[in-house]
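Peer 1: Fit chain B to the known structure of chain A by using the hints.
Those sequence lines, one after another, are chains A and B. First residue of the first sequence: 1, per full-length UniProt numbering; consecutive thereafter. First residue of the second sequence: 1, per full-length UniProt numbering; consecutive thereafter.
Relax, there's no trap hidden among the hints.
Here are some, though not all, of the chain A residues that point toward chain B, as calculated from beta-carbon distances under 10 Å:
| # | residue |
| --- | --- |
| 1 | Ile31 |
| 2 | Asn33 |
| 3 | Glu43 |
| 4 | Glu51 |
| 5 | Phe53 |
| 6 | Asn131 |
| 7 | Ile138 |
| 8 | Tyr159 |
| 9 | Lys187 |
These aren't lab readings, by the way, just hints derived from the structure by calculation. Fair warning: this is a prediction, and the values are worked out from it, not measured in the lab. Each residue gets a CB set at the ideal place from its N, CA and C atoms; glycine is no exception.
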Amino acid sequence: MPDPDASLMLKFEGGDISSFEKLVIKYKENITNMIYQFIGDKEEAEDLAIEVFLRVYQARGKYKPRAKFATWLYKIVTNLCLDEIRKKTKLHTISLSKSIPIEEGKEEELIEKIADPSPSPQKILEEREKNALVREAINSLPARQRIATILRIYEGLSYKEISKILGCSVKSVERLLYRARVNLKEKFTPYLDMLKT
Amino acid sequence: MKCKKIRKKLVAYLDGELSEKQKLLIKRHLLECAECRKEVDLLSRTSCLLKNQPRIKSSLDFDVNLWRKINSLEKREITPHPLKRVAYIILPAAVAAALIIGVFMGNLVEKLTPSQNVNTPNLEEEYLSSIGLDSFEDFPPGSLPQAYFSLTNQTG
Numbered sequence: 001m002p003d004p005d006a007s008l009m010l011k012f013e014g015g016d017i018s019s020f021e022k023l024v025i026k027y028k029e030n031i032t033n034m035i036y037q038f039i040g041d042k043e044e045a046e047d048l049a050i051e052v053f054l055r056v057y058q059a060r061g062k063y064k065p066r067a068k069f070a071t072w073l074y075k076i077v078t079n080l081c082l083d084e085i086r087k088k089t090k091l092h093t094i095s096l097s098k099s100i101p102i103e104e105g106k107e108e109e110l111i112e113k114i115a116d117p118s119p120s121p122q123k124i125l126e127e128r129e130k131n132a133l134v135r136e137a138i139n140s141l142p143a144r145q146r147i148a149t150i151l152r153i154y155e156g157l158s159y160k161e162i163s164k165i166l167g168c169s170v171k172s173v174e175r176l177l178y179r180a181r182v183n184l185k186e187k188f189t190p191y192l193d194m195l196k197t
Numbered sequence: 001m002k003c004k005k006i007r008k009k010l011v012a013y014l015d016g017e018l019s020e021k022q023k024l025l026i027k028r029h030l031l032e033c034a035e036c037r038k039e040v041d042l043l044s045r046t047s048c049l050l051k052n053q054p055r056i057k058s059s060l061d062f063d064v065n066l067w068r069k070i071n072s073l074e075k076r077e078i079t080p081h082p083l084k085r086v087a088y089i090i091l092p093a094a095v096a097a098a099l100i101i102g103v104f105m106g107n108l109v110e111k112l113t114p115s116q117n118v119n120t121p122n123l124e125e126e127y128l129s130s131i132g133l134d135s136f137e138d139f140p141p142g143s144l145p146q147a148y149f150s151l152t153n154q155t156g
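Extracted from the complex, chain A is given alone in its bound form:
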């Protein structure tokens, strides 16, 4: 069955700009989220997502539909994320010992939420704390374990697709994901009981 996204890319290669726009609409949320899970910063994630589509735009003359379009696109994202992580000597981490940061302009939102009887302020804070813990745990993973986990958990890709993106065997992907999940499980242990109910 032909890949409809690859067809759009080929149409774009032929000069149809609207095909490129369709691809942007389809993938921008996923790509931004994937990068956000990897980088942990919303603005930076969006800048990098724009960079991804810029690369797609520039590659229009060289595109060959050898694999699924999504696989090719995720490969661009993966390379960009890994390059970014190489550039950064210090990983961006959120310390749980510090007060939970409130984004600019979000104070009112938080006050409104607190004023609202459901969910309780305690619940909101717990939720934020839990999200910060998950972010910190993901950030602490080695780069390849991290990207494999993101591709599996957030993008729902199969081991075979991940192996094509990372350029390794399916067995290696299995090992990467196993190690990543065990590492995360150890970091989450205090919070896992909360999910029992």
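Peer 2: Only chain B this time, still in chain A's reference frame:
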């Protein structure tokens, strides 16, 4: 030993990446082994915790920013780099300067080196006198070029 091998397959089992045969093998083992059941439960809840992470929405400016970058990229491709633009001016000027210097140097060298054909008949003069142009002057007397050439002839 069996548990160790089974545990390494538990994540792939939860991700639905095992063959039917492998799945059956693990299911049977989990019925018998409480420790591995606990492990698979923890791994499953780890996956849930990851999946429940909030998703972000891309900003309304996403498309505007993307097209702004694409436009500036295309402009850059059409407009030559500032250094290239400078090169377009400098290169012809340098060639012209080299030609002028070359002509002057050639002229100077010719004047400074002693003529080797003193005794040989001047073919050019003979030719000019044969067609009646021996009395022709290149520049009007008293003009600036004439003064320059008489000066260079003197130094020669």
